[in-house]
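Chemist: Those protein sequence lines, which keep their order, are chains A and B. Mapping of the first sequence onto the numbering used here: position 9 corresponds to residue -4, and the numbering continues sequentially without gaps. Mapping of the second sequence onto the numbering used here: position 108 corresponds to residue 95, and the numbering continues sequentially without gaps.
FYI, nobody ran anything at the bench for these hints, they're computed from the structure. Yeah, the Cβ is synthetic: ideal placement off N, Cα and C, and Gly gets one too. Incorrect hints may appear among the rest.
[Said to hold, decoys possible] Computed footprint of chain A on chain B; a stretch qualifies when at least three of its residues, placed anywhere within it, have a C-beta under 8 Å from a C-beta of chain A:
#1 155 to 169
#2 240 to 246
#3 315 to 321
#4 415 to 427
#5 496 to 502
#6 538 to 544
#7 561 to 570
[To be verified] To give an idea of the interface, some chain A residues facing chain B are shown, with a C-beta separation under 8 Å as derived from the structure:
#8 Ala325
#9 His331
#10 Ala332
#11 Asp505
[What the hints assert, rightly or not] To give an idea of the interface, some chain B residues facing chain A are shown, with a C-beta separation under 8 Å as derived from the structure:
#12 Met312
#13 Ile329
#14 His331
#15 Leu338
#16 Gln555
#17 Gly584
Number of protein chains: 2
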Amino acid sequence: MAPYRAPRRDMAFVIHDLLRATDHYRQMPVFAEIDAGLLDQTIDGATRFAETVIAPLNAIGDEQGCRLVNGQVQTPTGFADAYRQYVHGGWPTLGCSTAHGGQGFPALAHTAIVELLCGANQSWTMFPILSHGVYKIVSQHASPALQAAWLPAIVDGTATTTMLLTEAHCGSDLGLLRSTASPAPERDLPDTPAYRLRGSKIFISSADHDWTDNIVHMVLARLPDAPPGVRGISLFLVPKRLPDGTVNGLTVTHVEHKMGLRGSATCSVTLDGAVGWLVGQPHQGLAAMFILMNEARLNVGVQAIAVAQGAYDAALAYARERLQMRPSSGARRPDLPADPIIHHADVRRMLLTQKARIEGGRMLGYWMSLCSDLESHHPDETERRDAADLLALLTPVTKAFLSDKAFDDANLALQVLGGHGYLRDHGIEQRVRDVRIAQIYEGTNGVQARDLLGRKILGDGGAKLGKLMRRIRDFLATQARVEAMAPFTRPVAALADQYEQTLRDIVAAQSRHRDASDAAAHDMLQALGHLCFGYLFAQAAALALPKADAPDPFHASKLETARHYLTQLLPQADAHLAAARSAAIAPVALDEARLFG
Amino acid sequence: MAPYRAPRRDMAFVIHDLLRATDHYRQMPVFAEIDAGLLDQTIDGATRFAETVIAPLNAIGDEQGCRLVNGQVQTPTGFADAYRQYVHGGWPTLGCSTAHGGQGFPALAHTAIVELLCGANQSWTMFPILSHGVYKIVSQHASPALQAAWLPAIVDGTATTTMLLTEAHCGSDLGLLRSTASPAPERDLPDTPAYRLRGSKIFISSADHDWTDNIVHMVLARLPDAPPGVRGISLFLVPKRLPDGTVNGLTVTHVEHKMGLRGSATCSVTLDGAVGWLVGQPHQGLAAMFILMNEARLNVGVQAIAVAQGAYDAALAYARERLQMRPSSGARRPDLPADPIIHHADVRRMLLTQKARIEGGRMLGYWMSLCSDLESHHPDETERRDAADLLALLTPVTKAFLSDKAFDDANLALQVLGGHGYLRDHGIEQRVRDVRIAQIYEGTNGVQARDLLGRKILGDGGAKLGKLMRRIRDFLATQARVEAMAPFTRPVAALADQYEQTLRDIVAAQSRHRDASDAAAHDMLQALGHLCFGYLFAQAAALALPKADAPDPFHASKLETARHYLTQLLPQADAHLAAARSAAIAPVALDEARLFG
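Okay, chain A solo, but in the shape it has when bound (with noise of 0.2 Å):
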C-alpha cells in the first residue's frame, strides 16, 4: 500500500478557486483574519499530522480492531498516542470559538481537516470526529453552569464525545426510543437538573477508550411525563467520570465485530442510574441533536470520499507500474513487454471515474461546508437563509450520493488492481469494508432520499430546489456565449429541465397515492447529486478551460475530468428519473405476502 498523501492541490482549487472561500470570509466579522495563507497553513499542519502520525495506523487498527478487557475498550498500538500528538497540536480547538478558548476557523477548515484525517485513518478518525458536533449543541443549548463544567473539555480535547441515540429495536425510528430519566435533584446544578438514565443503546461510536480519562456521552431518553414518540424526547449531558472522580453508571457491554471501521470501537451500553444534566428544553432533544446529526451527515460524505481517495491514489500508482497486453491501437511503450495497464482504455475508465466522483463529491461536500459558516456568520440576512436553505436541501444528498458513489470508487480501484485488490496486504480491500459504513450511519441513504424528496422538496412545495435550480441557471447563463463550454452546460440545462418536469409528474401522482413520494426518493436523489455534480463541473470546466494548454497538468486533467463527468455519468440521471417517474406514477401495490411469493 502506498503511503496516504494528502490531495492538497485538489482541495486548494475547490477552496480557493472555485468557492473563493477567503472572499467570502472576508465579509463576515467573525472570519476576518481568515486569509488565504493562515487558512493553507492550517491545512498544512494537518496534512503532516493526517499522513505521518495517524495514516501509518490504519491498518494496524484493521488488523487488531478494539477489545473489551474488564468493561474497558482497549484501543489498537499507537491510537491513544497519536490523540495526545492530536490534543497538543491544538486541533480539537481549531473549529470552537475563541470566546471558548478555541481558534474560532470557519467549518470549512475543519471539512478539510476532516478529509484529511478520514483519507489516513477513518477509524481513528471516528473518535474525535464528533466533537466539534458537541461542541456546536454545548455551547448552543447547554446551561451555563454545563456549560462551565464541561466546554473548556470539550474544546481542547481532554475529554473525547459520543452521542447515544440508537437502540436494538429503534435506529432510523428515535420515535420508538425507550431509555428513561428519573428526577435526581441531590446533583442538580444551579441552573440545571440532574436525572438518572436507564436503558441500553447500541452502535455507539468510541463509548469508551484509552485515550483520555473522560468522556461526554451526548444522550437520548425519555423524561417521566413524556409524551410518545419523536416530541418527548429529551437530550442529557452524562459523563464517563463525575467531578467529583467517581465514574458514572454507564457500561460498555459489548464491542461489535464489523465488516469494517475495526479500529473504531463500536459498543454497546447500559446505562444503569448514570447520572445526566438536561440540555436544552425538555422534550425537545432531538432538534438539539440534529446540530451534531446534520453536521455529521455532510461529514460522512466527506468522510467517504476521503477514504475512496485513498484507494484512487493507490490504484493510479498501480495502474502505472502493472504491464499487461497492448491497447488495440497499438503499444505506448514497445520497449517494455507489456504496456502499463493505465493505457488501456476500460483501465481510463474506471480510474477517469474514480477521479471524477470524488473531486465531484469534495466540490459539493466544501460548497455545503462553506454554506454553513454563511448561514451561522455571513451578514447578510438573505445570504443567511439562502445559506441556510440550500444546506438544508443537499445535506442528505450530500451524504448519500457521496458516500454511494464512494463505495462504487472504491470498489473501482481495487478492481484495477485485480486479483491483487482483493488480497489484504494492498490495502484497498480494508478501504472498500471501511467506507461501506458511510451508506448506513447517520441516517441510512434510505433515509436521506426520504428527507430529501419529503422534507425538503416536496415539504416547502419545491422553493428550496427552486433556489438551487436558479443558481443553476444563473451560472449557465453566465457561460451562454463561450461556445467551448457547450459540452458542458447543454446536459446541466437539460437534465434541470427534466428534473422539475419529473418533480411535477410525482406531485400529481402523490394526489393519487400517497406512497409515490416514498417509492421515487432513492432515484430523485440520486438524479439530483449528478445535477449538482453536473454544475458543478461546469463550473470547473470554466475556470479550467483558460489554462488548460499550461505546462502545469492540473486545469487539462481537470477539464478532461469534467468532460468524462458530463459524458459518460451524467447519463444515468436520466435512467434515475425514468426510474422515479415509473415508481411514483404505479407504486407497487400487491400485498408483500403475494409480492415476494
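Got chain A sorted already, so can you dock chain B onto it with the hints?
Modeler: The following block gives chain B in isolation, referenced to the frame of chain A:
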C-alpha cells in the same frame, strides 16, 4: 443468520417452464433418459446436501480461514468431512459421461448444483468446482494412457483438481507467462511425453488441502522450443503425488489473506522440477484450457447470483420482522408499534431490485448452460452451431453482468439491515466480501467486456449478435397481439434497436480510432446484459400473466418482478449506450501524465 434455503421453486420455473429443458433433452440421445422427475430428484438431493452439510460450515470457513502448516494447507473444521460425504453421494460423477463411469447428467444439472453449493458455501465449493472442467479437458485432450491413469480419480472425486495459470507478473496477459517444461523421458508414458516443470504460480485455488491423497493440477508452461506470446503455451497434467506414491516437486509457499472467500485456500505455488505430462498438442495449451475457462466463467456468474440469493433471503426475512416507522400512506399494522419495514416503498425497491437481478441472472445462466448441452449433444448441426454462437457471445455477459449485479445486490441486502447488516453476526457482510471476487477471477470483468465487443461482436461482423437479435425479435413478434404484454415487450424492442444503432456508431468510430471499441466495451456489455434480462423477463411475464391471479403467489410475484425490472432497471441500459457512444467517438486522447494530473 437465517439458515440457507435453496430457491427450488424459481429454479424449477427456469428449468421447466422457461427453458423447457427436458423437451430439448428428449431430442438428444445421450440425455434421452433425463426426464423432469429424475432431474428434480437429483437437484433435491443436492439441495439437502447443500442445506444441511455445507451451509452450516460457511461462517466457520470465514472465521478460521485456511492455514499453511509445514507446507500443507489445513482447511476449516468440517470441510474435509463434508467432502467425504460429497464423494460418497456420488456428486463428482454427476456430469461425467457414463463411458467414464459418470452419471451422464447434462450441464444444466451441474449448473443447478453449482448454484446450490455456492449459495450454501462459496468457499467450500471452490475446492470441487473445477473438476468438471478438468474432466472435460482430460477426457477430450489427454492421451489414452494419461486418461487411464487419471480420469477415474477425477471422475469419482478421489482426486480434486486445480488450474495453474497466473504468475506474479501475468494475470490477464498470459502471453507473458514464464514457467517452463523440459523433457523428462524417464517418466514418459507409452503415448505421452513427460516433462519437468519449473516456475512460480500465484492465485491457485485449492492448490493443497487435507481432503484427498492426490490433487491433479493443470499447469500452463512453455516447452523449450516455444514461440513467445500466447501461441507458445502448453498444458500439462501435474499430480501432487506421482503414481509411485512419491510427492511431486510442487510446493505451496503461501496462502493469501483475502477480503473474503477465506475458507478457500488461495495459494502461491513453486514448481521445482515437478513431473507433468503434456495434454493435447504442444503450444496449444490455451485452447484446451479454455474448455475449462469457458465453463468456469458461466459458473462464476451463477455462483455470484447464488451468493446474492442468500443475502437477499436474509434481507427479506429481516424486512418482514424489523419494525420501524410508518409508510407515508399510513400504518399497515396499527397493532404494532411500527410497521415491518417491508411495507416501506424504498425497502421494497431494494428487495425487488435484488430479486429481479438474481432471477434474471438465473434465467441467463441456466439458459447458457442449456446452450452448452445443445452445442455438445444436439443431433442437428444447425442447432449445435446456433447454441455454440449464443454461448460464445453471452459467456462474457453471464460472467461479468451477473457478478457485477450480484455484488450490488449483496450490498443492497446489507443495506436493508442497516447497521445490523454491517455486523459480522448476520452473515450478509461475509457474502458481500465473498462475492466480490467474482468480478475479478476467471478473467476480470474488463477482460470480459473486451472479449465481448472486440472478439464476439465485432470479430465476426455482428453475426453472432444478429442471431441473438433475431431470437429476441421472433419472440417479441409472438407477443405482438397480446395487449397485456406491451409493457414488457415494448422497452425490449426499443433497446434492441438502440443497441444496434449504437454498435453502428462504434464501428464507424473504430475506423477512426482503434481504441474506440475498447473504450465502449464496458458499457456495451452492461447494455447487452440489460437487453438479455429484458428479453428473459418478457418471456417470464408471458408465462406468468395467465396465472397471476392464482392463489399461489409465485406467478403474481414473477409478473411484478418483471415489471420492476423493465420499468425501474432497464432504463439504465440507455445511460450505458449514451456513455458507450461518447466513449467511442472521443476516446480520451490526453497523455496519461496530463490526464491524471
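Chemist: It remains to establish, for every hint, whether it holds in the given structure.
Modeler: Checked hints:
Proximity of the segment 155 to 169 of chain B to chain A, defined as three or more residues with a beta carbon under 8 Å from a beta carbon of that chain, is established by the 7 residues found. Interface restraint, the segment 240 to 246 of chain B with chain A: holds (4 residues with C-beta to C-beta distance below 8 Å; minimum three). Under the rule that three or more residues need a Cβ within less than 8 Å of chain A, the assignment of the segment 315 to 321 of chain B holds, with 3 such residues. Judged by the Cβ-Cβ criterion of 8 Å, the segment 415 to 427 of chain B is covered by chain A as claimed, because 7 of its residues qualify and three suffice.
Check result for the segment 496 to 502 of chain B against chain A: holds, 3 residues qualifying (beta carbon to beta carbon below 8 Å, three or more required). Residues of the segment 538 to 544 of chain B lying with their CB closer than 8 Å to a CB of chain A number 4, which satisfies the three-residue condition for coverage. With 6 residues carrying a beta carbon less than 8 Å from a beta carbon of chain A, the segment 561 to 570 of chain B meets the three-residue requirement, and the given coverage holds. Taking 8 Å as the C-beta contact cut-off toward chain B, the hint placing Ala325/A at the interface holds, the least distance being around 6 Å.
Hint status for His331/A relative to chain B: holds, with the closest Cβ pair at about 7 Å, below 8 Å. With its C-beta approaching chain B no nearer than about 4 Å, Ala332/A sits inside the 8 Å limit, and its interface hint holds. For Asp505/A, the shortest C-beta to C-beta distance to chain B is roughly 4 Å, which falls under 8 Å, so the interface hint holds. Evaluation of the Met312/B hint against chain A yields a held restraint, the C-beta minimum of about 5 Å falling below 8 Å.
Restraint check, Ile329/B versus chain A: the minimum CB separation of about 5 Å is within 8 Å; hint holds. A hinted interface residue such as His331/B counts as satisfied when its beta carbon comes closer than 8 Å to some beta carbon of chain A; here the least separation is about 7 Å, so the hint holds. Proximity of Leu338/B to chain A holds as hinted, the smallest CB-CB distance being about 7 Å (cut-off 8 Å). At a threshold of 8 Å, the smallest CB-CB gap from Gln555/B to chain A is about 4 Å, leaving the interface hint in force.
Hint on Gly584/B holds. Least Cβ distance to chain A is approximately 4 Å, under the 8 Å limit.
Violation of the numbered hints given earlier is absent; every hint is satisfied by the structure.
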